[in-house]
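2 protein chains.
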Amino acid sequence: MPELRKDPISQRWVIIASERATRPSDLKPDDPPPAPAFDPFAEGNEDKTPPEIASFRAAGTYANKPGWRVRVVPNKFPALQIEGGLDKRGDGIYDRMRGIGAHEVIIETPKTINTFTGLPDAHVHEILWMYRERLLDLQRDGRFKYGMLFKNVGRSAGATLYHSHSQLIATPTVPQTMQIKLQACQDYFDFRGRCLVCDMVAQETEQNERVVMDSGQFLAFAPYAPRFPFETWLVPKFHSSHFEHHDRTVYEELAFILKRTLLKLEKGLNTPPYNYMIFTSPFHTPPSEHYHWHLEITPRLTPVAGFEWGTGFYINPVPPEDAAEYLRNVKL
Amino acid sequence: MPELRKDPISQRWVIIASERATRPSDLKPDDPPPAPAFDPFAEGNEDKTPPEIASFRAAGTYANKPGWRVRVVPNKFPALQIEGGLDKRGDGIYDRMRGIGAHEVIIETPKTINTFTGLPDAHVHEILWMYRERLLDLQRDGRFKYGMLFKNVGRSAGATLYHSHSQLIATPTVPQTMQIKLQACQDYFDFRGRCLVCDMVAQETEQNERVVMDSGQFLAFAPYAPRFPFETWLVPKFHSSHFEHHDRTVYEELAFILKRTLLKLEKGLNTPPYNYMIFTSPFHTPPSEHYHWHLEITPRLTPVAGFEWGTGFYINPVPPEDAAEYLRNVKL
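Protein sequence lines, in the order shown, are assigned to chains R and D.
First residue of the first sequence? That's 1 in the numbering used here, and the numbers climb one at a time after it.
First residue of the second sequence? That's 1 in the numbering used here, and the numbers climb one at a time after it.
Hints were generated in silico from the structure; no laboratory data involved.
The structure displayed is predicted, hence computed values, not measured ones.
Treat the hints with caution; some may be incorrect.
Copies of one chain are not kept apart here, so a pair can be met inside one copy or by any two copies together.
[Stated by the list, open to error] DMTMM-like mimics (lysine to aspartate or glutamate), calculated; alpha carbons at most 25 Å apart, straight line:
{"#": "1", "residue 1": "Lys-267", "residue 2": "Asp-95"}
{"#": "2", "residue 1": "Lys-237", "residue 2": "Glu-126"}
{"#": "3", "residue 1": "Lys-145", "residue 2": "Glu-43"}
{"#": "4", "residue 1": "Lys-65", "residue 2": "Asp-190"}
{"#": "5", "residue 1": "Lys-6", "residue 2": "Glu-126"}
{"#": "6", "residue 1": "Lys-237", "residue 2": "Asp-87"}
{"#": "7", "residue 1": "Lys-76", "residue 2": "Glu-19"}
{"#": "8", "residue 1": "Lys-88", "residue 2": "Glu-209"}
{"#": "9", "residue 1": "Lys-88", "residue 2": "Asp-190"}
{"#": "10", "residue 1": "Lys-65", "residue 2": "Glu-321"}
{"#": "11", "residue 1": "Lys-76", "residue 2": "Asp-87"}
{"#": "12", "residue 1": "Lys-6", "residue 2": "Glu-83"}
{"#": "13", "residue 1": "Lys-88", "residue 2": "Asp-199"}
{"#": "14", "residue 1": "Lys-331", "residue 2": "Glu-266"}
{"#": "15", "residue 1": "Lys-6", "residue 2": "Glu-43"}
Here chain R stands alone, though its shape is the one from the complex (with noise of 0.2 Å):
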């Protein structure tokens, strides 16, 4: 009997259709892309992006030169740009504004590789540490009110290229999605007096049905609503409305427990396609009480059709509890 989930903070419901699938070896991810002739993302190439926003590099060398190891450009094909003014206008019954905002690239190593699981602990600590010091940076600008940091691995996630890479797009209005998530926590918070996530943080724990992994101050486990088979979220499991707003030793920390969850869904269903984004408070906001900051992965092995597009709701043949108990049993 298929069960139908509601998901707390996006407010979706799911459809867990267990009938309709599925070992994991049933669901087929699309081929990784090979590994391209010519990456312009390598070190060697710094001229062949726009130059350099940031970089971590070794002292002594300059910028858009080699000896970085984790270098941040703008994209070449913005989906915003970064220059003049919103001009917010009407047009009949219509809004429109101009396309301003920022569109940045993390590069995420010099080298050629698909993936940052085969790299030491600290250096993902790096790239965690630029991804805070771009929201931090970005933020000034009182035109941006939302940083959507986010991550797309193969072809049916939406990556074009094959060098590990995060992308970060500031928006001039708080996207949808985020205003249903504030909503939903605030609305929450108004009737409990409580955080959401953290309430959450405390049943996954206690249940321990859906926990992939517990690093003492975070938290993995798949959603008790997912949309997509082996969805996994990683939260702070102390109240934290801010992704930006720590200290080295939680990145450490937070560098870890990703870098091992994402290996147990490389390994365990064969390097699958997948996105991460991380849902921060939007930019010129104090701490909330309200609100938990939280990165979601989600891998791309099921179609969304018309169903999905029409509804919101989902339909995802894998229970979570399944899913979780599969990649903690996955070895790394």
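Given the coordinates of chain R, work out where chain D should sit on it, guided by the hints.
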């Protein structure tokens, strides 16, 4: 310069980023799936599907035998199941219910073809008349709150079967996407005292920049803020809240314009994968002044990646004015 536009019904912002592409020929559809060796939906194979729920068939022919023109069967792998009570329950902070609903397949023709655009208008009319019949029948069941009619064509659009068909899923809650649309239309009506889509029809007709086809009672147009290149909506130009509340002449005209709009997409874009979805009012609701049903056709020519999943923003490289002009000029 990219432009941000807001769709007033879905409340989504989209980024029209025409610098990022793109002539229609640059948008590569995936290959349409080949005709299958065995077609379970073809005439003569009626015993390869679950027993039929409804059909339009020649006088003197029998259910589950040849002689039908349009045939409805339960989905063999249903996302929701028809039998039982909802058994709504909490699970700590979470909500769940049993996966009760209906999942039907509308087989649109006895022939092994991938699209109904080659069939006579009268046949397409019967398909739409069947949509109406099934919506009216399913809402007799008080457990079901909404009926989503949709079509998946091509692999990137989630289709797994070649034979021309649509699906109808009746859900036990009103989907989130519909709730957002209903609220937006209600808010607009409360503020202005007019129907949002009626105002949209007036503005589109007057500006005449995004119209693809006007059949008199129906308008096919590129919406102001399309998520996808060549997204096209069909709406009645007169006010109507329920798709299923019309008489035959209305579906005749809808069949005329729907078939020709799809033909233009097929000819102009080299048979792209696409979905369409009908957004009618929820079940058991009386005719309303504020909601106006519509049909959305969404070709799948651009990937959906972490940014779109995370924000609900969409990046569309083709301005709707260009898309409409292109489709207007496709000769049938």
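Do the hints match the structure? See the list:
1. Lys-267 - Asp-95: neither (46 Å within a copy, 32 Å between copies)
2. Lys-237 - Glu-126: This pair counts as within: shortest intra-copy Cα distance 22 Å, inter-copy 57 Å.
3. Lys-145 - Glu-43: neither (33 Å within a copy, 57 Å between copies)
4. Lys-65 - Asp-190: Neither: 52 Å inside a chain and 59 Å across chains, both beyond 25 Å.
5. Lys-6 - Glu-126: neither (36 Å within a copy, 37 Å between copies)
6. Lys-237 - Asp-87: neither (41 Å within a copy, 32 Å between copies)
7. Lys-76 - Glu-19: between (45 Å within a copy, 11 Å between copies)
8. Lys-88 - Glu-209: between (48 Å within a copy, 21 Å between copies)
9. Lys-88 - Asp-190: between (33 Å within a copy, 24 Å between copies)
10. Lys-65 - Glu-321: Intra 48 Å, inter 43 Å, cutoff 25 Å: neither.
11. Lys-76 - Asp-87: Within one copy only: 24 Å inside a chain, 53 Å across chains, cut-off 25 Å.
12. Lys-6 - Glu-83: For Lys-6 and Glu-83, only the inter-copy Cα distance (21 Å) is at most 25 Å; the intra-copy one is 41 Å.
13. Lys-88 - Asp-199: This pair counts as between: shortest inter-copy Cα distance 21 Å, intra-copy 40 Å.
14. Lys-331 - Glu-266: Only inside one copy: Lys-331 and Glu-266 sit 11 Å apart there, 48 Å across copies, limit 25 Å.
15. Lys-6 - Glu-43: This pair counts as neither: shortest intra-copy Cα distance 46 Å, inter-copy 40 Å.
In this structure, the earlier hints numbered 1, 3, 4, 5, 6, 10, 15 are contradicted, and the remaining ones agree with it.
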